[in-house]
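Peer 1: Starting from the known structure of chain A, arrange chains B and C on it as the hints suggest.
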Amino acid sequence: MSDSTTNRRVRTHVTCTVNGDEVDFLASDDTSLLDALRDELGLTGAKEGCGTGDCGACTVLVDGRINCSCLIFAPEAEGSDIVTVEGIAEGDQLHALQQTFLEGAALQCGICTPGFLVSAKALLDQNPDPTETEIRYALAGNLCRCTGYDKIVRSVQEAAVQLRGASR
Amino acid sequence: MTVTEDRPAYKWVGTRPIRHDGYDKVVGKARFAADLNLPGQLHGVFLRSPHGHARIVSIDTSAAEAMPGVKAVVTGDDFPELAAGDPERDTAINLMARGVVLYVGHALAAVAASTRAEALAAAAAIEVEYDLLPVILSLDESIADGAPLVNEDNRTAFSGSDEPSNLASVTPLERGDVDAAFEAADLVIEREFETSWVHQGYIEPHACVVDVGADGKADIWASSQGHFRVRSQTAAVLGWDTARIKVTPAEIGGGFGGKTTIYLEPVAARLSEKSGRPVKIVMTRDEVLRATGPAPGSKARIRIGATSDGELTAIEGWIGYVVGCVNNMAGFIGAMSVASYKFPNLKLEAVGVLTNTPASAAYRAPSAPQAAFAIESVIDEIAQTLGLDPIDVRLKNAVVEGDPTAMGMPHPRIGFVECLEAIRDSDHYGSPVPEGAARGIGTGFWFNIGEQSSATVNLNEDGTATVITGSPDIGGSRASMALMAAEELGIDVHRITPVVADTESVGFTDVTEGSRATFATGMAVVNACRELVDELKARAATIMGVDSEAVDWIDGAAVAEEHDPLPLDAITAKAKGTGGPLTVTASLNAGGAGPSFAVHCCDVAVDEETGQVTVLRYTTAQDAGTAIHPSYVEGQMQGGTVQGIGWALNEEYVYGEDGTMLNASFLDYRVPVASDLPMIETIIVEVPNPAHPYGVRGVGETGIVPPMSTIANAVNRATGLRISALPMSPPAILAALNER
Amino acid sequence: MRYAAPATVDEARALLSDNPGSQVFAGATDLVPQMRSGRPAPSVLVDLKRIERLTAVTHEDGQWTIGAATPAADLTRDAVFTAAFPGLSEGAGLIGSDQIQNRSSLGGNLANASPAADSVPALIANAGQAVIATADGTRTVPASEIVTGPGSTSLAEGEFIVEFTLADPPAGTGDAYLRMIPRTEMDIAIVGAAVRVTVDGDSISDAIVVLGAVAPTAVVVPDAAAALVGASVAGGSIDQSALTALAEAASAACDPIDDKRGTIVYRRQVAGVLAKRAAVIAVERAQNGV
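As they're listed, the protein sequences go chains A, B and C.
With my numbering, the residue at position 106 of the first sequence is 106, and numbering never jumps.
Numbers given in my numbering equal positions in the second sequence, counted from 1, plus 1000.
Numbers given in my numbering equal positions in the third sequence, counted from 1, plus 2000.
No lab work stands behind these hints: they were computed from the structure.
Where hints are given, some of them may not hold.
Unchecked claim - Per label pair, the in silico range of CB-to-CB distance: (1) C:A2079 - B:G1436: 47 to 57 Å; (2) C:A2079 - B:A1063: 54 to 64 Å; (3) B:A1124 - C:A2127: 41 to 51 Å; (4) A:N127 - B:V1654: 31 to 41 Å; (5) B:E1192 - A:V10: 54 to 64 Å; (6) C:E2060 - A:R11: 37 to 47 Å.
Stated by the list, open to error - Listed next, the stretches of chain B that the computed footprint assigns to chain A, with coverage defined by at least 3 CB atoms under 8 Å from CB atoms of chain A: (7) 1252–1258; (8) 1263–1276; (9) 1471–1485; (10) 1525–1538; (11) 1674–1686.
Where a beta carbon is used, it is the ideal one built from N, C-alpha and C, also for glycine.
Extracted from the complex, chain A is given alone in its bound form (with noise of 0.2 Å):
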């Protein structure tokens, strides 16, 4: 464990929600909940990519919706349902984008394809049947600077036919 748990500010206790378990931490009140989940939790699958809302790669569910967990302050997850890349397989199965991305080589370095999946599945909850462009528009929050995107959204495409046919 780091030393920023021996840090000298006000430092808060959060309980919540994270991939279905209930969890509890301390927190300084300026920690970010992407900081808490990585350095507190150690769920390092949401990544800092830029820190500002910009890239993404922080992107998690808070209570169904995806946000960028660099934006939000740690005490402000107290009592919310949080989901991250980590929790999105259903136990050994996994989550039928997580099986497409890999099929379909929708990753090459994989620093953004946590948040890329997160945001996809956000999508795929909502709307079952995405045109390319509604895809292209939901992942415009998350970027990708090995693939140009092709492979993503072909893979985003394939695991909407696949999870509208399981739920046929």
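Peer 2: Structure of chains B and C alone, referenced to chain A:
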């Protein structure tokens, strides 16, 4: 779609298995450098210069050292001064200023404290007295007569002069007689071009964790394209023996050339040494944009002569690369990027020019995009002026095997013509241009490099294999290594685990750059596997009781007449009794990296009231030699293309007069977002590279070379404007339209 | 820095008055980047989202009341709201990415006082009123009077916006907001234009034109509105001379700056273009609904 020349039928090479490191990356388990924390770890931050150029009169760190949580402070005085001419002298100067700061953002001190907040507070408490010096921000200012020096330490490379200079290098190239050729030409077009600095824009900021023990040994976890270079550069900057340093490569969150040099590790090492604690340093995005390498901006003047039927007879040009505050080879490399056409007469000068801006770094095909933008624009104008098809003109002049490169050496077997034909015959080029849109063509290439690689292949007791290399995987190369090993050994690709090992666990391997990993490291893997197969045959011969000459290796099994085939796992199971572990290491300095050419085609629409350019359709054809894993070849083509589209349309550095970068965020440094783009259609052309066992050509870099000219040429056909400056942002296009 | 999440307006009011240097926030989508680039941290961060009234959206007796901290996404997903104020919904839907729109709010977008705020021109065009919590009560002012310059507002120390009220638009009214950004998403507007028109028969009977990012604050352009009022919209197309006059008036009203995002010349020219385009959409909506 793939265009394939005759080649052997492969079982694994050319298939698309799920990458071996993929699972970890979709479940959030993959460990990037910033994901690592060590017990007792401190957080390091930099103090960076607010001035574009200044002498450091004094640095007072005493207040900072007394602040809560602070465990160590370092400045330039904590690092040895490297001798003039030392290859890492500029690296050392760039990562920690000595006496002079050379750009806004130049690091001049660093603090390690218990928390990042404490470290930041302490850094702010360091008192520095500066004596301001003139700030040079543009190429024109830098090369003007009597210009102040950007960096007194700089000497012009290869010049033999010991005089300080603002020139990094001057590279002249000449063949034939350009004056006579222009005299005889039916058409001569001369244009000037300018491009902005652009950043590689990897999503992962630079990060490292360094732990220096009381025994003086350093453990480094780094995000890098080459951990052996991290080791050698860190050793050089600190004046340490290489053997004191172990570098473990973390997963790397994008590099594109920008992580081929170091910014953090020696500083973290010194802070760790002083504090006796592990030190983690993670850059902010702001720091990444202000203080790590952009690709150079450029200015070019290009003159090309042609006959009336489109034969290109001469090229004369000058191209200046704005390399930033320290020397690099951009100009030298840029001069070589002019080798796509035969040009019997050629006279070029490429120059690297220093400015008080961050030291530029490699970025996919470094220096080639700037040159290609200029040359491909002029060639397009020639085709247009002569009323010729832009692909026909290029086909007429395209270099083929044996034609000279810019440097004069003959090209090996290359696939430029095949790429031109692939676009000419594509669905895209054959389709009518959409209403209100226009179509452009552009081309580019990159040499690729070989260099040194090592690989160890271990066969395990159960017949699985571990393939260990020293090439950080920046785009799927582990999967390619496993595929080549599967092909050689004849076992399932998923029975192979490809590993990127630390500097103590695998032989020396050069940086993942120059599109060399799948080519050169792949060759080391193939060589190791071939030696293993020989050994397997010998072991099988022992088991079967036949002469080893009588054994063949077919489809993963030893085969000898009058014996049942002996599969690999049957041999590994008996390794102990037949001579011990089955393991081979191969190392090489690879030659023969084959150049990769690409031809791009795009349709754009231009909103003439706002100046906005929209890319409607985009197709790229590129020669991969042989695509080991086609999905990741396509990924390299698509990723490079989209970076080029960003370079063409919106990416730029905006500096204030004092040298402060004004757009140092992903909000204002505008890399393309998903909604800006169409699908990027790919045509993998396969003209096998004769120097590689599977015909591989590196594909990582070429994709970024053609987009700027491709889009500019399309914009020209849409508007009649010949855009000569990048980026073609809406304000720039509208200003040009207003002048039309 | 301390975080506080009051449950009532009164609690928030007390926190602000007891703690000099405190700061309200809803989404912090501007605050966090500002703090990262060196803005001093507030003494107390007062989170307004836990106050029910500040995230409530109601529609009663011909009036909409929108909590100032309501996430933009709540508005863009509200079909009834979007049908009533399509231009304002568009503006709210352009504040950053989907991630940002789950945090950003009309109150934050306005009080941050950026000239380029995407929801502000249409809020003003629809005569939005801001209900402000003062030290001892509330006061209501037109939303157009909140921002006084880049980064500065007419809100006194300790005051914060509680909610906005908007009257149902008259029959035959339509609005639209367009902005110019170099990419298709994730940028700050270089120019923004909101137009609201009311159509009576074959002509425009009322209009308001508000520009963003072309002056220190969003600007209402009466001359541009005047160019539209009375213009024929017979057959669904606006009289060309009126559109030309609209564009000229819009361009003339600009008082822009050259900065990293755009030039004076560009902003002035494109303001006219966007005003025209927004007017065409607004008229189409006035005649045919959304």
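Peer 1: Taking the hints in turn, state whether each one holds.
Peer 2: Going through the hints against the structure:
no.	hint	result
1	C:A2079 - B:G1436: 47 to 57 Å	violated, 33 Å
2	C:A2079 - B:A1063: 54 to 64 Å	holds, 59 Å
3	B:A1124 - C:A2127: 41 to 51 Å	holds, 46 Å
4	A:N127 - B:V1654: 31 to 41 Å	holds, 37 Å
5	B:E1192 - A:V10: 54 to 64 Å	holds, 59 Å
6	C:E2060 - A:R11: 37 to 47 Å	holds, 43 Å
7	1252–1258	holds (count 5)
8	1263–1276	violated (count 0)
9	1471–1485	holds (count 3)
10	1525–1538	violated (count 0)
11	1674–1686	holds (count 5)
Hint compliance for this structure: hints 1, 8 and 10 are broken, all remaining hints hold.
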